[in-house]
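Asks: From first to last, the protein sequence lines are chains V and P. Heads up: the first sequence begins at 1 in the numbering used here, then just goes up one per residue. Heads up: the second sequence begins at 339 in the numbering used here, then just goes up one per residue.
Accuracy of the hints is not assured; some may be wrong.
[Unchecked claim] Derived pair list, reagent style SDA-like, types lysine to any residue, alpha-carbon separation capped at 25 Å:
{"hint": "1", "chain 1": "P", "residue 1": "K480", "chain 2": "P", "residue 2": "G420"}
{"hint": "2", "chain 1": "P", "residue 1": "K357", "chain 2": "V", "residue 2": "F231"}
{"hint": "3", "chain 1": "P", "residue 1": "K357", "chain 2": "V", "residue 2": "R335"}
{"hint": "4", "chain 1": "P", "residue 1": "K480", "chain 2": "P", "residue 2": "T465"}
{"hint": "5", "chain 1": "P", "residue 1": "K473", "chain 2": "P", "residue 2": "T519"}
{"hint": "6", "chain 1": "P", "residue 1": "K357", "chain 2": "V", "residue 2": "T10"}
{"hint": "7", "chain 1": "P", "residue 1": "K480", "chain 2": "V", "residue 2": "N143"}
{"hint": "8", "chain 1": "P", "residue 1": "K480", "chain 2": "V", "residue 2": "A236"}
{"hint": "9", "chain 1": "P", "residue 1": "K473", "chain 2": "P", "residue 2": "R494"}
{"hint": "10", "chain 1": "P", "residue 1": "K480", "chain 2": "V", "residue 2": "T10"}
Note that these hints are calculated values from the structure, not bench results.
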Amino acid sequence: MIPLLRVELTRLRWRRAVWLLLAVAVVVPTIIVISAILTSRPPSAEELTRIEQMVAEEREQPHVQQELESCVDDPDMYGVSPGVTDLEAECASMVEPQVEWYSSYEPLSLRDQMDFGEGVAVVTVLTLLLMLAGTTFIGHDWNSGSMSNQLLFESRRGRIWAAKGLVVTLTAFVVAAVVSSAYWLLLWAVARSRDLPSGTGLLVDSLQFGLRGALFAAGAALAGFALTMLFRSTVATIGVLFALSVGAGVLIAVIGLSGSWQPGPNLEAIAKNGTTYWVEIPEHCYRQMESGNEEVPPNSECDDSRDLSLTQGATYYGVLLLGSSVLSAVSFRRRDVP
Amino acid sequence: MTDLVIETSGLRKEFRNRKGRRVAVQGLDLAVPAGGVHGFLGPNGSGKTTTIRMLLGLARATSGSMRLFGRPVPEALPEVIGRVGAVVESPKFSPNFTGRQNLLLLARSIGAPDGRVDAAVQTVGLTGRDGDRYKSYSLGMKQRLAIAATLLKDPRLLILDEPTNGLDPAGIREIRETIRTLGESGVTVLLSSHILAEVQQVCTSATIIGNGRLLASGTVDDLLGSSTAYRVAVPDPVAGSAALVAAGLTPVPDPAGGLRVETEDPAAVTRALAGAGIWLTELTPLRPDLETFFLQLTAADNLATSADATIGAGR
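Isolated chain V, as found in the complex:
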């Protein structure tokens, strides 16, 4: 088995399309992290001076002064109460440009990145690209017909399937883990340099987030490989995956299954170690809420949010992965090879 693994690793190494996809899997998260770092940067003293100067100039503009006078004359129109003690100052704060308008920024937060930010986006990008890498790697063997040649040297088809699948999965995991870890380490280092919350616990949480995402992406690469072994064509696999990505959500909604069946929340549940999704609540719950201030018990009929655990997410995707892998391996063992 070891020589076969080495051969498949070499084959993967020599495939330029795979290299290209792996390069994109590094470049896109790099762009995302650079963007996150730049947009969360506090303005420099130089920038503040420039903003203050710009605001001062703006305040001197005749139309701003006219607005100010208009506000003082008719404060109601500007939402200012006429009874305030310093009407002019209140109107000025409403009408004149303020420095905060131009200098506000969202400080970098690792927690927010995990819960609402680009963390899930990075996992999604890695998943798509590595799945494509797994697909194109094996699709080439089928397109060129070289699969039959390989079987003339190693006729145990189970071994061939396992060696190729293992190499795809491990390579995808290593790439995803390295990219994810670099992503979170960089954000953590930047947060630390800006004296923002960056405790060890937060670092461990974010690295775990990245590793769970890497495992998910590796599983997706294996799924891409397995489906291509089943369909024997990269194009067919991509077509089926595209149809599923478009149709599955719609179908689940039409059938009336809950959000826990949707792919998105399950991906988030894995990456975030559990997530919340939203559900429609019955009409009477709204009446109940309007009639009094009764507290809605969590996960009750009238609670519009539901928890989805990591285990549930992993089971959802695990069953899909196992199903496609078994089907693919059995099909490869039994069907004629062109």
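Mind docking chain P on chain V? Use the hints.
Replies: Chain P only, in chain V's frame:
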């Protein structure tokens, strides 16, 4: 008893598609003895490649049994595949890899040293071009690379499906010599080819199939039969003819020139002519060649199959 390297019994393969079932091989009994070059002949679509693909585990037989080196396949294929080199239909390699890269991957998958790739490349005359991408190869070069791949294993059985396809005359001659040498060295070669003159030159035995069935099998000499007809050339055909008639023979004019005589004893011809003082200039046994034999056999089989189909349709 001769050891059989390839043996099939009642081998059958059906393909199912939207139009229904198609039988590619029907109850084929094949026996290829160890050593020598065995021709595997049949018209297009007769089931040769399907049979080869079943033997190599690329296709599953619908029914029947197969043995390679006495071991049942596909069950014991992993035990024997290391002794089998094969080129099935057109060569199939990764187009973006170089010829050498393609061979290295195959050699390493069986734990063969990289040095064997160099030897194989040299044997098939691809030295200097092995670093080029496979997609830039001509058909002949692709064919050579496929043959080089079979040599990576040091095989005891070579299965070659149209190995000279796309080669130039010099290449064909080289490959023919390689096949002959391999056959003489104890390697069993199963040669599937449409070039019947080539098969007759190289093969010691042959199997002919048609419509997925065995039509004839045996040594080439047995298949073609011993010759009883001879072409006789003499300076004076009229006098020669008279001498042969006097000896109890029945000469007739041969369309290719000279006389044609049917006899079990060719010495009777020389005796009769020498007795009459006539010295022959040519005495050639007239034997049907493999091509004629093949065409007669497959034409008869097609006729029988058509008749069967007509009778079946009439029922």
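Asks: Now look at each hint and say whether the structure bears it out.
Replies: Verification of the supplied hints:
no.	hint	in the structure
1	P:K480 <-> P:G420	22 Å, holds
2	P:K357 <-> V:F231	21 Å, holds
3	P:K357 <-> V:R335	19 Å, holds
4	P:K480 <-> P:T465	13 Å, holds
5	P:K473 <-> P:T519	30 Å, violated
6	P:K357 <-> V:T10	42 Å, violated
7	P:K480 <-> V:N143	17 Å, holds
8	P:K480 <-> V:A236	28 Å, violated
9	P:K473 <-> P:R494	30 Å, violated
10	P:K480 <-> V:T10	22 Å, holds
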